[in-house]
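Participant: Dock chain U against chain X, hints included.
Protein chains in written order, with the working numbering: chain X, 759 to 861; chain U, 1063 to 1218.
Please note that a few of the clues may not be correct.
Unchecked claim - Derived pair list, reagent style EDC-like, types lysine to aspartate or glutamate, alpha-carbon separation capped at 16 Å:
hint: 1; chain 1: X; residue 1: Lys832; chain 2: U; residue 2: Glu1136
hint: 2; chain 1: U; residue 1: Lys1210; chain 2: U; residue 2: Glu1119
hint: 3; chain 1: X; residue 1: Lys812; chain 2: X; residue 2: Asp840
hint: 4; chain 1: X; residue 1: Lys810; chain 2: X; residue 2: Glu852
hint: 5; chain 1: X; residue 1: Lys812; chain 2: X; residue 2: Asp771
hint: 6; chain 1: X; residue 1: Lys808; chain 2: U; residue 2: Glu1136
hint: 7; chain 1: X; residue 1: Lys810; chain 2: U; residue 2: Asp1175
hint: 8; chain 1: X; residue 1: Lys777; chain 2: X; residue 2: Asp856
hint: 9; chain 1: X; residue 1: Lys770; chain 2: X; residue 2: Asp840
hint: 10; chain 1: X; residue 1: Lys812; chain 2: U; residue 2: Asp1126
hint: 11; chain 1: X; residue 1: Lys841; chain 2: X; residue 2: Glu857
hint: 12; chain 1: X; residue 1: Lys764; chain 2: X; residue 2: Glu857
hint: 13; chain 1: U; residue 1: Lys1114; chain 2: U; residue 2: Glu1160
hint: 14; chain 1: X; residue 1: Lys834; chain 2: X; residue 2: Glu783
hint: 15; chain 1: X; residue 1: Lys812; chain 2: U; residue 2: Asp1175
hint: 16; chain 1: X; residue 1: Lys834; chain 2: U; residue 2: Asp1171
hint: 17; chain 1: X; residue 1: Lys764; chain 2: X; residue 2: Asp856
hint: 18; chain 1: U; residue 1: Lys1101; chain 2: X; residue 2: Asp804
hint: 19; chain 1: X; residue 1: Lys808; chain 2: U; residue 2: Asp1175
hint: 20; chain 1: X; residue 1: Lys832; chain 2: U; residue 2: Asp1199
hint: 21; chain 1: X; residue 1: Lys834; chain 2: U; residue 2: Glu1160
hint: 22; chain 1: X; residue 1: Lys832; chain 2: X; residue 2: Asp771
hint: 23; chain 1: X; residue 1: Lys841; chain 2: U; residue 2: Asp1175
hint: 24; chain 1: X; residue 1: Lys841; chain 2: X; residue 2: Glu852
Said to hold, decoys possible - Chain X residues, not near chain U, derived (Cβ > 10 Å throughout):
hint: 25; residue: Asn761
hint: 26; residue: Lys764
hint: 27; residue: Thr768
hint: 28; residue: Lys770
hint: 29; residue: Met784
hint: 30; residue: Thr803
hint: 31; residue: Asp804
hint: 32; residue: Trp819
hint: 33; residue: Lys825
hint: 34; residue: Ala838
hint: 35; residue: Gly839
hint: 36; residue: Glu857
hint: 37; residue: Ala861
What the hints assert, rightly or not - From the structure, some residues in chain X lie toward chain U, with a derived Cβ separation under 7 Å:
hint: 38; residue: Ala799
hint: 39; residue: Met815
hint: 40; residue: Ser822
Source of the hints: derived by calculation from the structure; they are not laboratory data. For every residue, glycine included, the Cβ atom is placed at its ideal position computed from N, Cα and C.
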Amino acid sequence: MPNPMKIRATAKDGVTEVKVLMNHEMETGFRKDSSGAVIPAWFITDVTAKLKDKVVMQAQWGASVSKNPFLAFKIKGGAAGDKVVVTWTDNKGETRTDETTIA
Amino acid sequence: MTTLPTTSRRGFLRGASALGLAVSALAALPRLALAAWNKAAFDAKALPDAYKAMGVENPTASADVQLIASDIAENGAVVPVQAISKIPNTTQISFLVEKNPNTLAALFDIGPDMLPDVTTRLKMGQTSNVIALVKADGKYFTATKEIKVTLGGCGG
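The following block holds chain X by itself, in its conformation from the complex:
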């Protein structure tokens, strides 16, 4: 089971800023281990965010995104207490969903 994300969402002047910190190795597939064998690529490919069950953000990622990825984006609307849900899927098919309420 992948480790949880940290999500923070703050609403201000009709805009909700969402900051997400994910737990993921984001292995590029270009690195080698100590015996010289290539470490297979393992990274998040898809990220989706929902505000009150409506999709507001979709992203596709490559292996160039840093390990333990950070993501910040802004959505229109949203008020304190609304639910924000973030989901990622990696190239091995693993997925993780976490949620927070807007502060």
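Facilitator: Frame of chain X, contents of chain U only:
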């Protein structure tokens, strides 16, 4: 779609959305039907190839695209980047690192409920131009910034 390389983004999107619809119709998956991950674009090894796979034609530099990042990244493994578009009807923002083994780093679809302002952190193997690519009304606009890397992020 299956035999020819994707030459038009529109055609790709049409195929992708049809696939997405088919998938979502078949199974009520808890997760969303996403636009298909653009493997060709993420596998591209050079900027022209990435542009081609993304269907980007004639990208023009624009002062209305802002790429915010520091001039020097001490650690290439964690390079914070932010892209803001002031162009109306921005529907997509991507980050590309010209000298990375895979040029395209991240692609964000900007929906109607989102502001064209995204921040993330990228890995950079070496000093390179980083490009924020914005799609608006089917046209492409860029902002480019060279970020110097003193310690690479892709070494073993």
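Participant: Against this structure, judge whether each hint is valid.
Facilitator: Hints and how they fare:
| no. | hint | result |
| --- | --- | --- |
| 1 | X/Lys832 <-> U/Glu1136 | violated (28 Å) |
| 2 | U/Lys1210 <-> U/Glu1119 | violated (28 Å) |
| 3 | X/Lys812 <-> X/Asp840 | holds (11 Å) |
| 4 | X/Lys810 <-> X/Glu852 | violated (24 Å) |
| 5 | X/Lys812 <-> X/Asp771 | violated (20 Å) |
| 6 | X/Lys808 <-> U/Glu1136 | violated (34 Å) |
| 7 | X/Lys810 <-> U/Asp1175 | holds (12 Å) |
| 8 | X/Lys777 <-> X/Asp856 | holds (12 Å) |
| 9 | X/Lys770 <-> X/Asp840 | holds (13 Å) |
| 10 | X/Lys812 <-> U/Asp1126 | violated (29 Å) |
| 11 | X/Lys841 <-> X/Glu857 | holds (7 Å) |
| 12 | X/Lys764 <-> X/Glu857 | holds (9 Å) |
| 13 | U/Lys1114 <-> U/Glu1160 | holds (14 Å) |
| 14 | X/Lys834 <-> X/Glu783 | violated (31 Å) |
| 15 | X/Lys812 <-> U/Asp1175 | holds (9 Å) |
| 16 | X/Lys834 <-> U/Asp1171 | holds (15 Å) |
| 17 | X/Lys764 <-> X/Asp856 | holds (8 Å) |
| 18 | U/Lys1101 <-> X/Asp804 | holds (12 Å) |
| 19 | X/Lys808 <-> U/Asp1175 | holds (10 Å) |
| 20 | X/Lys832 <-> U/Asp1199 | violated (21 Å) |
| 21 | X/Lys834 <-> U/Glu1160 | violated (32 Å) |
| 22 | X/Lys832 <-> X/Asp771 | holds (12 Å) |
| 23 | X/Lys841 <-> U/Asp1175 | holds (15 Å) |
| 24 | X/Lys841 <-> X/Glu852 | violated (23 Å) |
| 25 | Asn761 | holds (17 Å) |
| 26 | Lys764 | holds (14 Å) |
| 27 | Thr768 | holds (14 Å) |
| 28 | Lys770 | holds (12 Å) |
| 29 | Met784 | violated (8 Å) |
| 30 | Thr803 | violated (5 Å) |
| 31 | Asp804 | violated (5 Å) |
| 32 | Trp819 | violated (5 Å) |
| 33 | Lys825 | violated (7 Å) |
| 34 | Ala838 | holds (18 Å) |
| 35 | Gly839 | holds (18 Å) |
| 36 | Glu857 | holds (13 Å) |
| 37 | Ala861 | holds (19 Å) |
| 38 | Ala799 | violated (10 Å) |
| 39 | Met815 | holds (6 Å) |
| 40 | Ser822 | holds (4 Å) |
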